[in-house]
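If you read the sequences in order, they're chains Y and R. For what it's worth, the numbering used here labels the leading residue of the first sequence as 1, then goes sequentially. For what it's worth, the numbering used here labels the leading residue of the second sequence as 1, then goes sequentially.
Among these hints, one or two may not hold up.
Unchecked claim - Label-pair distances were calculated between CB atoms; the ranges are:
| hint | chain 1 | residue 1 | chain 2 | residue 2 | range |
| --- | --- | --- | --- | --- | --- |
| 1 | Y | Arg41 | R | Gly221 | 53 to 61 Å |
| 2 | R | Arg187 | Y | Pro67 | 54 to 62 Å |
| 3 | Y | Asp40 | R | Leu333 | 28 to 36 Å |
| 4 | Y | Glu189 | R | Gly297 | 37 to 45 Å |
Keep in mind that the hints were calculated from the coordinates and are not lab data. For glycine and all other residues, C-beta sits at the position ideal for the given N, C-alpha and C.
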Amino acid sequence: MTAIDAEVELPGDAPPQVDNLDALESEAIHIFREVAGEFDRPVILFSGGKDSTVLVHLALKAFRPAPVPFPLLHVDTGHNFPEVLAFRDEIAERHDLRLVVASVQDYLDDGRLQERPDGTRNPLQTTPLLDAIGDNRFDAVFGGGRRDEERARAKERIFSLRNAFGQWDPRRQRPELWNLYNGRHRPGEHVRVFPLSNWTELDIWRYIQREKIELPDIYYAHRREVYQRDGMWLTSGPWGGPREGEVPALKTVRYRTVGDGSCTGAVESEAYTVDDVIAEVAASRLTERGATRADDRISEAAMEDRKREGYF
Amino acid sequence: MTETTTRTAPDSGTEVTLPVQTDLLRLATAGSVDDGKSTLVGRLLHDTKSVLADQLDAVHRASADRGLATPDLSLLVDGLRAEREQGITIDVAYRYFATPKRSFVLADTPGHVQYTRNTVTGASTAQLAVLLVDARNGVVEQTRRHAAVLALLGVPQLVLAVNKIDMVDFDEAVFTRIATEFAEHARALGYQDDAVVTIPVSALLGDNVVEHSANTPWYEGPSLLEHLERVPVAPDPHDAPFRLPVQYVIRPRTAEHPDYRGYAGQVAAGVVAEGDEVVVLPAGVRTRVSKVDTPNGPKPRAAAGHSITLLLADDVDISRGDLIAAADTAPELTDELDATVCWLAEKPLKPGAKVLVKHGTRTAQAIVTELSARFDEQRLSSVDAPDSLQLNEIGRVQLRTSEPLPVDTYAASRRTGSFLVIDPADGTTLAAGLIGVPLAPFAAR
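From just these sequences and the hints, can you work out the full model?
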């Protein structure tokens, strides 16, 4: 076995990255236009995170100078960062996009869902998501998922058929040939569409740099009160922390992913600008999910299990 | 880095500077079960430092849980529960790695006979395929079948990785025998000798995957990664006639753009420039390109692979499904398709079946009028007029479509010469369709 962690690359010494952003952009735009041409009621799943913000940016480019012909859908866990929610609302307003919000808190309040003992709400998103898809009769749902994120995601097609229960069956996926996408579905079924499938985390950041895409501030280094749980820095907040024995500390951190506050960790970072972040990501020895997502640590197949249930 | 190249646009005669993606290689793996594909892919990711510490930790933990003494690199890529339980790859997965010289998108495909359809999936977009054999077994039936499928789908470059070379004591004679046998098969499939490279490797130990191995002093060729970094990537052919399947009509009808009417699509072949004469099919109306609009604003021209929006000089009735093509080299318009199909569904194909054909952006109804041959990919022979085509079988069919389609042969254009066969009842993708019979050895028999 070759030792792989012998040398640590310093930010700034990152190897030069080759430029395939034009090809990735062109592919994503092609996918947006296919969906616009073939489906009746598409929607873009938008969290205000970096991937879904890039998704909206690409949608704007795909239909320019006409407006984006889809609304946005956000599943609000009730544990979201306030600055991300503000960003979400601002993007919808700026681009004159209709925003549909499905709220986990509503489901908890009227008893349709129960709070989990561990306090995390990420797995609870599936029910409101599937209800929102059903109630609005959405037939194509764009997501910002990338195949480089996780092993189960690496198996995902760009057009991924979900049955009437929103379930993914990895053994029955349609072969995806050339750039011919099959969007056929029966009533009640829908298709999840992943235009960023072939992008890596670094591609996303290089595209954000190139296109000067604005993101919520929490992606860049800032001072924040955090506490440590399971080796991750979680933000103090109404989502259940710090608990007894967990000591809050003031740290300079940033987020690599944006999700439910109860299970999304911050990383210690001095990356204040996009350029800093690119250098940091290029040199990082941890994946974004490994570094900051508690829910992926539950089992070897945590992501696959959630996807089978209808989660993204 | 994006390099540029200069060539003459076929229609306007002007000099064109085009960005060429020399930096991204799309490749696929193929090979029998237990030849070690997942281990090879895991090794490539590992040795190119594309595996991050947390992923490696997870593999170390999972390997230890299974009682293994050394980490099982295949666990890096076999992501599904069933795959990890059975130790096999079930479904195609896409992997990303990069070196300072090039970025790679790798379609990691399963070798099981019942999953040959995933080899078709991986191969449909691949510029290169790495075919594995076990050095102890050499070229087997599945190797010959996979090579034929790769040739059929027009994968331009092949690498034969003779894996587990350590298990035959790094014996040069074994390697040479396999290389010679495979070269002969590849030649019969129409590959030029310089499009096929054979490399002795041990995915498990890392010999000749990234670094040259001291265990094979008799081997003077490149390591697998060196070859992947250097092999010329054929860009989409810019000298092919221009083709744009219309995906969507962009009509803002806003105060700012009251008269904008653009035809959006991804250039499937060739180059288009402002002023070019084009024909809209199936209507057959001729007009000129008044503007090439792109997501980054108007440009003088665009080439294969670019997503663009064309504005035309005349007010022509055009909608999704139409094809805009170079006026002088327009494709044939036909409702009788003579095609090769790779059957991907459990339900067999029978003559008389009513199906849907998705060609470009148009989906037409079709009837299978004739099933004229079934190909035996291993023996490179064919059987005339079989009763049916079963899962994973390849055959020649005639289809009559409800409307005329503008088609090229697959040999001339991978994009406008291909189509999907879809089940109208439940939307299942039944087959990959290739117009014409692209494999000479099959056609001859």
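Hints, one by one, checked against the model:
1. Y/Arg41 to R/Gly221: 53 to 61 Å: 55 Å, holds
2. R/Arg187 to Y/Pro67: 54 to 62 Å: 55 Å, holds
3. Y/Asp40 to R/Leu333: 28 to 36 Å: 30 Å, holds
4. Y/Glu189 to R/Gly297: 37 to 45 Å: 38 Å, holds
In summary, the structure agrees with every hint in the numbered list given earlier.
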